[in-house]
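**Q** Heads up: the sequence lines are chains A and B, in that order. Numbering-wise, my numbering puts 87 at position 87 of the first sequence, and it's gapless, one number per residue. Counting from 1 along the second sequence, just add 1000 to a position and that's the residue number in my numbering.
Hints listed in this document are in silico derivations from the structure and should not be mistaken for laboratory results. Possibly wrong hints are sitting among the right ones.
Stated by the list, open to error - Taking lysine-lysine pairs in the BS3-like style, the calculated list, with each CA pair at most 25 Å apart, reads:
#: 1; chain 1: B; residue 1: K1074; chain 2: A; residue 2: K100
#: 2; chain 1: B; residue 1: K1319; chain 2: A; residue 2: K98
#: 3; chain 1: B; residue 1: K1085; chain 2: B; residue 2: K1110
#: 4; chain 1: A; residue 1: K46; chain 2: B; residue 2: K1085
#: 5; chain 1: A; residue 1: K98; chain 2: A; residue 2: K80
#: 6; chain 1: B; residue 1: K1400; chain 2: B; residue 2: K1368
#: 7; chain 1: B; residue 1: K1110; chain 2: B; residue 2: K1095
#: 8; chain 1: B; residue 1: K1085; chain 2: A; residue 2: K100
#: 9; chain 1: B; residue 1: K1019; chain 2: B; residue 2: K1319
#: 10; chain 1: A; residue 1: K80; chain 2: B; residue 2: K1019
#: 11; chain 1: A; residue 1: K46; chain 2: B; residue 2: K1045
#: 12; chain 1: B; residue 1: K1095; chain 2: A; residue 2: K46
#: 13; chain 1: B; residue 1: K1319; chain 2: B; residue 2: K1406
#: 14; chain 1: B; residue 1: K1210; chain 2: B; residue 2: K1229
#: 15; chain 1: B; residue 1: K1071; chain 2: A; residue 2: K98
#: 16; chain 1: A; residue 1: K80; chain 2: B; residue 2: K1088
#: 17; chain 1: B; residue 1: K1319; chain 2: B; residue 2: K1411
#: 18; chain 1: A; residue 1: K80; chain 2: A; residue 2: K100
#: 19; chain 1: B; residue 1: K1125; chain 2: A; residue 2: K100
#: 20; chain 1: A; residue 1: K46; chain 2: B; residue 2: K1091
#: 21; chain 1: A; residue 1: K46; chain 2: B; residue 2: K1088
#: 22; chain 1: A; residue 1: K100; chain 2: B; residue 2: K1319
#: 23; chain 1: A; residue 1: K80; chain 2: B; residue 2: K1091
#: 24; chain 1: B; residue 1: K1091; chain 2: B; residue 2: K1045
#: 25; chain 1: A; residue 1: K100; chain 2: B; residue 2: K1071
#: 26; chain 1: B; residue 1: K1074; chain 2: A; residue 2: K98
Unchecked claim - Example chain B residues on the side facing chain A (calculated, C-beta under 10 Å, incomplete):
#: 27; residue: A1002
#: 28; residue: E1058
#: 29; residue: H1080
#: 30; residue: L1081
#: 31; residue: M1082
#: 32; residue: M1083
#: 33; residue: N1113
#: 34; residue: L1115
#: 35; residue: A1121
#: 36; residue: L1122
#: 37; residue: E1123
#: 38; residue: D1124
#: 39; residue: D1133
#: 40; residue: E1315
All C-beta atoms, glycine included, are put in the ideal place defined by N, C-alpha and C.
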Amino acid sequence: MTQNSALCESSNEPSSVVVKTVIVVNQLGLHARPAAQLAQVSQNFKAEITIICDSQEVDAKSILDILTLAAAQGSSLELKAEGVDGAEALDCIEELFKSKFGEEK
Amino acid sequence: MAREVVSGISVSTGIAIGKAYFLNRSISSNLPRQTVPVHMNAGEKERLQYGFEEAVSELSAIREKVPAELKEHKLIIDSHLMMLKDPKLLKASTKYIDDLCINAEWALDKAVNDLEKTFGALEDKYIRERMQDVCQVAQRVQAKLIGGEEHLRPIEGRAVLMAHDLSPADTIELEVNKLMAFVTTLGGKTSHTGILARTLNIPALVGAEKIESSVVDGDLVIVDGLAGKILVDPDEEELEHYYTLQTQFEDYQSTIIKSCQLPAETEDGYRVQVLANIELVEEISAVIDNGGEGVGLFRTEYAYLNRQELPGEEELVEKYSELAEIMSPRKVVLRTLDLGADKFMSYFGSLDEANPAMGLRAIRFCLKHEDIFNTQLRAILRASVHGNISIMFPMICGLKEVHQAKAALAKAQVELTAEGIPFDEDMQVGVMIELPAAVMIAELLAQEVDFFSIGTNDLIQYSLGIDRTNPHVSYLYQPLHPAIVRSIKYVVDAGHRAGIGVSLCGEVASDPYCVPILMGMQIDSLSLTPQAIPGIKRILRQLGMQECKQLLKEVLQCRTVAKINRLVTDNIYKKYPEELIFFASLLDNEEITG
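Turn these sequences into a full structure, and let the hints steer you where they fit.
**A** Pasting the structure below:
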């Protein structure tokens, strides 16, 4: 996991950008259900959150966008959040990926 | 005569008679498309926003009504809700209103079309198919915009649902308990519609493409889930026939279910094992409920298909262990990977083969890809401590393959021993007999393994040199061809001489006209689709071993398929005239009824 710690601590500035890399570990990849969960969690935050996969950059609050990434198991995704609660948002999202979206016991 | 007969693929059996009730969501053809003056754009955008909000609250209300046992439904509806709340779809539609000055319905339609292009270009088939969900969601918004207050009319009387496709939300919103049958134009054998219909125990046909042009809302229809057809506007005589058939079928169903847990034993006490063919762990409950005594064929391909990566050892161990544990002490026969022919892993893509059925498939593929094979063998071995697991290798054509496969298994055992991981050292090892070559060397193979499983679907195709899915030659798919009967008998005898058990998996095992002949050969077990078990068990319990042996003797004296079919249908149809109407047979229909 890489984290741009220099920027993420500097709280209130709207321009602060946080970055994290996550790996899709759940078996089915970012299919309908994980995509729905990811969009749902992202929508709880004010920050603008984008997902970058290969060279494709999409909005993490859009289930349709996430689906079009067709990110399979093993894919590496770069997350980028811009806004006051950006760091918190990425922590939550990282947790979601780690928990395999509740897919496996 | 009925006005029209429409055929479809039966995914749930039974008979239903009722009025066609069309689920009218195919609004796209008469969608209002208008341009609006610029000063009204704001109003149009508000209307669009309202349409989305209304759709969200409607779908949320439906979500609340989902019964707890349909958890999958709830999850699908959740993803539909997220699509409705997706800023992209609304934004893209709004932009069309701004740019083109068109009404909300048209703008949304255009935005959906754009998405369709994006999704259509995706490689992942599963995700590509999610476009269907997007369309279902968009149609709900369209219905709100057009102002169809209650777009689902209340169901009155005996209704047969006709739809292009059936979404999980549709099925919740509809009072499914009032429906007599489902018919859809889309969908394959594994569609959601079939699963739901089987749960509700009503007939369902999918792929009935002609309903949209041949059936009108309110038409009287008969859905024949036994034969896979719909009679539109039937006459008195047909109605009477089907009313009788329906009552008989219902009585028959309740009878066979009641007796399905009884042992599969002939009148004179010959015991045969009736096992199930499955491919998902979730199917176990169907196996047990239908009286299956174990799993005779677990197809292991599913975990490898529709994904980019190979499944890991842990994942497979978990799956196989769960299967073994739940079925224990009943046995579970795992067939090692049978990829190739019509099933390919996206990991490899399809090989460029002119004739994949005769190409690098099944055991050939596994022996070539040692690492993939090793992972599966290790997983099967590790799971073997959790229940009664056997393993079998598919598409064996010679001794060398058996030796290589067994060597690969031994290597996995050595590895596990070295790692201190336990496994069942006495796990039974078998081979599938599905190539004519394997039939001819059955005696030699019998020295090497613990059991045989005859795969008749492939054996028939390879022996007669025909592809059953090819309509030009499918008439040659003859399960009781003298060559096939002799082959099966030869294998059973060779197995028994060597003291090993012989099982048969393939559709022949669920064909009431073929089963008595197999019994005459003293087959040890039959493995069939779970839903067919109760009916076949009932047939078996009424058979006598002497008559089966006599029938086999006579069959072996026949010189042609036609003679065999005649003999078998005469004999068996006479014995069970009442129940054989409820079976589909592999034999030529005309010969059975004629």
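**Q** Now tell me if each hint is right for this structure.
**A** For each hint, the structure was consulted:
With a C-alpha separation of about 19 Å, the suggested pair K1074 (chain B) and K100 (chain A) falls inside the 25 Å cut-off, and the hint holds. About 21 Å separates the Cα atoms of K1319 (chain B) and K98 (chain A), which keeps this hinted pair within 25 Å; it holds. A threshold of 25 Å between alpha carbons decides the hint, and for K1085 (chain B) with K1110 (chain B) the separation of about 18 Å falls inside it, so the pair holds. The straight-line distance between the Cα atoms of K46 (chain A) and K1085 (chain B) is roughly 16 Å, inside the 25 Å bound, and the hint therefore holds.
With a C-alpha separation of about 17 Å, the suggested pairing of K98 (chain A) with K80 (chain A) holds against the 25 Å cut-off. Distance check on the hinted pair: K1400 (chain B) and K1368 (chain B) sit about 14 Å apart at the alpha-carbon level, within 25 Å; holds. Distance hint between K1110 (chain B) and K1095 (chain B) is fulfilled; the C-alpha atoms sit about 10 Å from each other, no more than 25 Å. Annotation: proposed proximity of K1085 (chain B) to K100 (chain A) holds, straight-line Cα distance about 23 Å (limit 25 Å).
The straight-line distance between the Cα atoms of K1019 (chain B) and K1319 (chain B) is roughly 44 Å, outside the 25 Å bound, and the hint therefore fails. With a CA separation close to 56 Å, the supplied pair K80 (chain A) and K1019 (chain B) exceeds the 25 Å bound. For the given pair, K46 (chain A) sits about 24 Å from K1045 (chain B) by alpha-carbon distance, which is consistent with the 25 Å threshold. For the proposed pair K1095 (chain B) and K46 (chain A), the alpha carbon gap of about 23 Å is at most 25 Å, so the pair holds.
For the hint linking K1319 (chain B) to K1406 (chain B), the alpha-carbon distance of about 23 Å falls within 25 Å, and the restraint holds. For the proposed pair K1210 (chain B) and K1229 (chain B), the alpha carbon gap of about 11 Å is at most 25 Å, so the pair holds. With a CA separation close to 23 Å, the supplied pair K1071 (chain B) and K98 (chain A) stays within the 25 Å bound. Straight-line distance between C-alpha atoms of K80 (chain A) and K1088 (chain B) comes to about 18 Å, which keeps the hinted pair within the 25 Å bound.
At roughly 22 Å between alpha-carbon atoms, K1319 (chain B) and K1411 (chain B) fall within 25 Å of each other, so this suggested pair holds. As the CA atoms of K80 (chain A) and K100 (chain A) are separated by approximately 20 Å, the hinted pair is consistent with the 25 Å bound. For a cut-off of 25 Å, the pair hint linking K1125 (chain B) to K100 (chain A) stands: about 21 Å separates their Cα positions. At most 25 Å may separate the alpha-carbon atoms for a hinted pair to count; K46 (chain A) and K1091 (chain B) meet this at roughly 18 Å.
For the hint pairing K46 (chain A) with K1088 (chain B), the CA-to-CA distance comes to about 16 Å; that is within 25 Å, so the pair holds. Restraint check for K100 (chain A) and K1319 (chain B): satisfied, since their Cα atoms lie roughly 17 Å apart, inside the 25 Å limit. Pair hint K80 (chain A) plus K1091 (chain B) holds up; C-alpha atoms about 22 Å apart against a cutoff of 25 Å. A hinted pair counts as satisfied when its Cα atoms are at most 25 Å apart, and K1091 (chain B) with K1045 (chain B) qualifies at roughly 10 Å.
For the suggested pair K100 (chain A) and K1071 (chain B), the alpha carbons sit about 19 Å apart, so the restraint of at most 25 Å is met. Our distance criterion of 25 Å between C-alpha atoms is met by K1074 (chain B) and K98 (chain A), whose separation comes to about 23 Å. Contact between A1002 (chain B) and chain A, as hinted, is not supported at the beta carbon level, the nearest pair being about 41 Å apart and thus beyond 10 Å. With a cut of 10 Å, the hint placing E1058 (chain B) at the interface with chain A is violated, because the nearest CB-to-CB distance is about 18 Å.
Interface hint status for H1080 (chain B): upheld, as the beta-carbon distance to the closest one in chain A is roughly 9 Å, under 10 Å. Taking 10 Å as the C-beta cut-off, the interface hint given for L1081 (chain B) holds, the closest approach to chain A being about 8 Å. For M1082 (chain B), the interface hint holds, since its Cβ comes within 10 Å of a Cβ in chain A; the closest pair sits about 4 Å apart. For M1083 (chain B), the interface hint holds, the least distance from its beta-carbon to any beta-carbon of chain A being 6 Å, beneath 10 Å.
At its closest, the beta carbon of N1113 (chain B) sits 13 Å from a beta carbon of chain A; the interface hint therefore is violated under the 10 Å criterion. Interface restraint check for L1115 (chain B): the shortest CB-CB distance to chain A comes to about 6 Å, inside 10 Å, so the restraint holds. Hint status for A1121 (chain B): holds, given a least beta-carbon distance of 9 Å to chain A, under 10 Å. Using the Cβ-Cβ criterion of 10 Å, the hint placing L1122 (chain B) at the interface with chain A is satisfied: the shortest such distance is roughly 5 Å.
Residue-level restraint check for E1123 (chain B) holds (minimum Cβ-Cβ distance to chain A is 7 Å; threshold 10 Å). A least Cβ separation of about 4 Å between D1124 (chain B) and chain A falls short of the 10 Å threshold, and the interface hint therefore holds. The beta carbon of D1133 (chain B) is positioned within 10 Å of a beta carbon in chain A (closest approach about 7 Å), and the interface hint is therefore held. Given hint, E1315 (chain B) at the interface with chain A, holds; its Cβ is 7 Å from that chain's nearest Cβ, closer than 10 Å.
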